[in-house]
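> In order, the protein sequence lines correspond to chains A and B.
Using the numbering used here, read the first sequence as starting at 1324 and increasing by one per residue.
Using the numbering used here, read the second sequence as starting at 4 and increasing by one per residue.
Hints were generated in silico from the structure; no laboratory data involved.
Predicted model, so just to flag it, every value in this text is computed and none were measured.
Note that beta-carbon positions come from the ideal geometry of N, C-alpha and C, so glycine has one too.
Do not rely on the hints blindly, as some may be mistaken.
As the list claims (entries may be wrong) - Under 10 Å between C-beta atoms, here's a sample of chain A residues computed to sit facing chain B:
| no. | residue |
| --- | --- |
| 1 | Phe1338 |
| 2 | Ser1356 |
| 3 | Tyr1402 |
| 4 | Gly1465 |
| 5 | Asn1468 |
| 6 | His1473 |
| 7 | Gly1479 |
| 8 | Ser1492 |
Spelled out from the first residue to the last, the chains are:
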Amino acid sequence: MKKLFLIPIAAVALFAFSPTVSDETTGGKKIPSVNIKDMAGNPINTAEVSNDGNPIVISFWATWCKPCKLELNTIAEEYDTWQEETGVKLVAVSVDDQKTTNTVEPVVNAAGWEYDIWMDPNGEFKRALGVNFVPHTFLIDGEGNIVYSHNNFVPGDEEILYQHVKEISKK
Amino acid sequence: MLINQPKKRYLNNYALINYSLKDFRAGVRFESYLPHLPGYPDRFSGTGIGYRYAGYYTEILDFTVGNFYEQFGNGMLFRSYEQRQLGLDNAMDGLCLKFRPTAGVEIKAVYGKMRYNFDNGHLVNSDGLVRGFDAAIDFGNFYNLLADSKFKLVIGGSFVSKYQKATNPAYIMPQNVGSYGGRIDMKYGKFFLTGEHVIKENDPSFDNKYIFNNGHGTFVTLGYTQKGLGIILYAKSIDNMSFRTDPNASLTDLNINFLPALTKSHTENLAATLYPYATQPVGEVAFQGDVFYKIAKGTKLGGPYGTEINVNFATSYRPVRHTSGINPADSTGVTYKTNLFDKSDSLYYRDFNIEIKRTLNKKWKVGAKYFHFDFNNDVNLVSKESHGMINCNIAVLDVQYKINKKHSIRAEFQGLWTRNETVNGVTAKQDKGDWATVLIEYNISPKFYFAVMDQYNYGNPIESKRIHYLIGTAGYIFGASRISVLYGKQREGIFCIGGVCRAVPATNGLTITFTTSF
């Protein structure tokens, strides 16, 4: 008797399309305006993120996400050099929900990260940028345009990111 | 012979389109379930719009019409959110207003129905209505009252009510269920203390077996944090806090509130998939301690890159229900009384775990982790083959080697061992017995990853159930898009493979995931 094996196939497709009509002068995609808070509880409007015209890296992470912490730890080892050479600033956006939000500050301090930390416990900023999985990293140029993004982290990715940072750095 | 074959092809498809122009923002999300993936709510079907909103967002005012997600305080009274990979979505549909009249003050108001279903391409909302109001003052920013102080203070309060013309032949159901609570966040130098207390008025429901008791919930966190060290202590006491837009709803449907479980979110395969603990909304008293410590780099113990240590302890008990002087048959419908943090000896869950991570040099990183779980399967049913307490030990070794600038390899070796137990004179391993997992991952930065994982139930007391859950997966990342292909048998849990973490339902077969954002 012939047996026919049918393989179950499941497919998931996630598309996120977030065009932002920006000022006529630039034309690139911008960071959408979402009101969240930083780790100290100060209000942040995400559209107003700035770094004196220098590049900004926005990295979505969570305390329970190993590759996210690997990315932020790996960059932390080079962060001083990166800042000196390019003036880049890294903003790490925690998507931890209430189960783990209170561990964010101890995790950040224990690791000794010198990044700006924003809190997105209910995924508002994450949704506005079309982030599905963490880690997801964006690079913003001096005019506020998103010029590069990458949705995972494996060793070596930090060097690719840094090449992009150097390309847009004015220093 | 015709065999009634289950459906063999599934497709979930989501397209989120956001549009923004200055302070205006609008969006829609198309969803398709053709048919839905196994593990999703059974009712989801068809193609259509599952989420749409338009709004205006400025420093002073946020105004959203249509679908929105929002949370008050810790979420113990109100949280609408999505965890799409698992099919959880209780988006509100109505109106959300956030008003910041002066620095440090935020007032939120929500009004609307809650997502229940996605039927034949149509969004189906709850019958019941949710109305909520929340206000918070941050004295650090409020007229700079504490601007120069080491002391920071935020206080807040919420009110949430549900309205539904619920009918139940056996009970006189309240149409309005009110709930309210207050919270305080304090910080002094390196110390912080946060607390929230909430009360829910009588809300007879399927979950609480239609009793008329009020519910209460308390969540307290005390912490200390400085460079290289973090200590956090948590305490939680809840009773009768299940809160849904429909009292007859169950499982993950129509939850108005969110009760965080006091445990770590484990991502290591065996710890994440076998005995995951969930909050008991009916009542629990829980405690957790979490310590993060980094042995400084350049020291003898710390090594050239430092060594990270995390110790975590979590435990949860059944609350004491006092029944003396209460007549459960009287007209009040109140059947017992509970006090704050009044725990019984009945253990629901205990989890002790310790993790040590160390970067040896530019090429090698190693991590080791040990867990001990005491898991009450009668309360938090995860295994139909078992009764009572399951005790197990888990060990994990994680090794990463960077071959060169672009190539790296990572391997995880895990073992789980349950206790021997004698039942009716027969000694056997508890539940499904022992497990081993091996994961090997090869990464080529920035575009490719390949991984193989075998989760093997080698010590199952029943020989025919010694199954391999073997999966192979590969991914390709290009620009802001990624495509991953996974083949094999997978258990539900959080998976971190190929440099990304996501929650997955149990699957068997070929799964293709494509994500893009532009």
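> Close enough to count: is the Cβ of A/Phe1338 nearer than 10 Å to one in chain B?
With Cβ-Cβ at 4 Å, under 10 Å, it holds.
> Are A/Ser1356 and chain B close enough, Cβ to Cβ, to be under 10 Å, as the hint says?
At about 5 Å, which falls below the 10 Å cut-off, the nearest Cβ of chain B leaves the hint on A/Ser1356 intact, so it holds.
> Can you verify the interface hint for A/Ser1492: is its Cβ closer than 10 Å to any Cβ in chain B?
Violated: closest Cβ of chain B sits about 19 Å from A/Ser1492, beyond 10 Å.
> Minimum Cβ distance from A/Gly1479 to chain B below 10 Å?
A/Gly1479 check passes; min Cβ-Cβ to chain B is 3 Å, inside 10 Å.
> Using 10 Å as the Cβ threshold, decide whether A/Tyr1402 counts as touching chain B.
For A/Tyr1402, the interface hint is violated, since the closest Cβ of chain B sits about 14 Å away, which is over 10 Å.
> Holds or violated: is the Cβ of A/Asn1468 closer than 10 Å to a Cβ in chain B?
Constraint on A/Asn1468 not satisfied, violated at 13 Å.
> Checking hints one by one. Is A/His1473 an interface residue toward chain B, by the C-beta closer than 10 Å rule?
6 Å, holds
> Quick check on the hint: A/Gly1465 CB to chain B CB, less than 10 Å?
Not OK, violated: A/Gly1465 not within 10 Å of chain B, min 20 Å.
Checked against the numbered hints listed earlier, the structure breaks hints 3, 4, 5 and 8; every other hint is satisfied.
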